[in-house]
Amino acid sequence: MATLPTPSASTLPFRLKFRQLVLLDALGDSLSLRKAAALANLTQPAATRAMAELESAFGVQLFERSHRGMAPTVYGEALVRHARQVLFDVQRAHDEIQALRSGSHGFVRVGALLSSAVRVLPMAIGEVKRQFPRMRISVEQHPQLPLISKLREGSLDMVLCRLVTNSVDAEHLEQVVLFDDDFVLVAGRNHRLARTRSLTLADLVDEPWVLPHTSGPLYDHVRALFLTQVGRLPTNVVESTTSLVTNLMLIEHYGFLNFMQRSVAQTYTKRGVLRAMPISLGSPIGPHVVAVRRDTTHPPAVDALLQALKQVMAEPEPV
Numbered sequence: 001m002a003t004l005p006t007p008s009a010s011t012l013p014f015r016l017k018f019r020q021l022v023l024l025d026a027l028g029d030s031l032s033l034r035k036a037a038a039l040a041n042l043t044q045p046a047a048t049r050a051m052a053e054l055e056s057a058f059g060v061q062l063f064e065r066s067h068r069g070m071a072p073t074v075y076g077e078a079l080v081r082h083a084r085q086v087l088f089d090v091q092r093a094h095d096e097i098q099a100l101r102s103g104s105h106g107f108v109r110v111g112a113l114l115s116s117a118v119r120v121l122p123m124a125i126g127e128v129k130r131q132f133p134r135m136r137i138s139v140e141q142h143p144q145l146p147l148i149s150k151l152r153e154g155s156l157d158m159v160l161c162r163l164v165t166n167s168v169d170a171e172h173l174e175q176v177v178l179f180d181d182d183f184v185l186v187a188g189r190n191h192r193l194a195r196t197r198s199l200t201l202a203d204l205v206d207e208p209w210v211l212p213h214t215s216g217p218l219y220d221h222v223r224a225l226f227l228t229q230v231g232r233l234p235t236n237v238v239e240s241t242t243s244l245v246t247n248l249m250l251i252e253h254y255g256f257l258n259f260m261q262r263s264v265a266q267t268y269t270k271r272g273v274l275r276a277m278p279i280s281l282g283s284p285i286g287p288h289v290v291a292v293r294r295d296t297t298h299p300p301a302v303d304a305l306l307q308a309l310k311q312v313m314a315e316p317e318p319v
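Numbering (the working numbering), first residue to last: 1 to 319.
It should be emphasised that the hints constitute simulated quantities derived from the structure, not laboratory data.
The structure presented is a predicted model; accordingly, all values stated were derived computationally and were not measured.
Treat each hint with caution, since some may be false.
[To be verified] Straight-line Cα separation of at most 25 Å, DSS-like style, residue types lysine-lysine; simulated pairs:
1. Lys35 with Lys17
2. Lys150 with Lys310
3. Lys129 with Lys35
4. Lys129 with Lys310
[Said to hold, decoys possible] Taking CB as the label site, the calculated pair distances span:
5. Asn166 with Thr43: 40 to 48 Å
6. Val237 with Gln44: 48 to 56 Å
7. Leu233 with Glu171: 19 to 27 Å
Just so you know, even glycine gets a beta-carbon here, dropped at the ideal spot from N, CA and C.
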């Protein structure tokens, strides 16, 4: 493709159209100009012209045609990411204005890991709702990587997750440490070994286990613990990390063992559903934090929930 002229940064914003951003978002998902045009409510010729205008405006080739459809170049991937961020910001502005028009105190979208959602988020939400009863709060639960992705693209305002150490992600985030959380071994209350005071992993390796997925960061630590202390891994294993209900059913009713985050385990040991056993995995994957984007001005609702989280952690729950 011929070299395109370098665009002027001062005139670029005036050459962009909102429909082009919608088209970029759709094309990034579908990789089909025909499908993207339909999603953006454009004819295919209009979509073709819109893409040509974008490439002219930025001076680079954004997509390449292939047998699989429209494949984004490195420039296209970057522009799709930024287009989505703009679209999310516009949606957030709409939501905030609608919330203010309805007399509420704003809107905040929160993502959380299970352990964060169990330990600190309900208390913080309760405190915020006590002060601002009409504030709208949306809560989603996801694993770590989707949480960070959603935060960076703008579909979440804040996330409660493990400390982000990857430099590419961490430099874009402001992180506040909330608490650390180790992993303890749990069994069902009626497990034949649940009340045994002196146990080693060698005593338990042949029991049925719920273990982390082999692709996750926690698995490496569990694997190393078994190989160091026992010399082999359990063979009667179910891999499950995100479904708490499934894990609880396997532990309580079918005799499985599991390393569970202490903050989650305590909820069920206090109710008599589970029993903690005298083996700990420690805290191998870092403390829990609340993270927000550095490059964003936070609306009052986000700041209010951030302050509530800090207030809750100023007086931690008794262990």
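Consistency of the hints with the structure:
1. With a CA separation close to 19 Å, the supplied pair Lys35 and Lys17 stays within the 25 Å bound.
2. Note on Lys150 and Lys310: the hinted pairing holds, with a Cα-Cα distance of about 22 Å set against a maximum of 25 Å.
3. Between Lys129 and Lys35, the direct Cα distance comes to roughly 42 Å. Violation of the 25 Å bound is thereby established for this hinted pair.
4. The hinted pair formed by Lys129 and Lys310 meets the criterion: a straight-line CA distance of about 15 Å does not exceed 25 Å.
5. Roughly 42 Å separates the CB atoms of Asn166 and Thr43, a value that falls within the hinted 40 to 48 Å.
6. A beta carbon spacing of about 51 Å between Val237 and Gln44 agrees with the range 48 to 56 Å that was offered as a hint.
7. The beta-carbon spacing between Leu233 and Glu171, approximately 37 Å, falls outside the hinted interval of 19 to 27 Å.
Going through the hint list in order, the structure does not satisfy hints 3 and 7.
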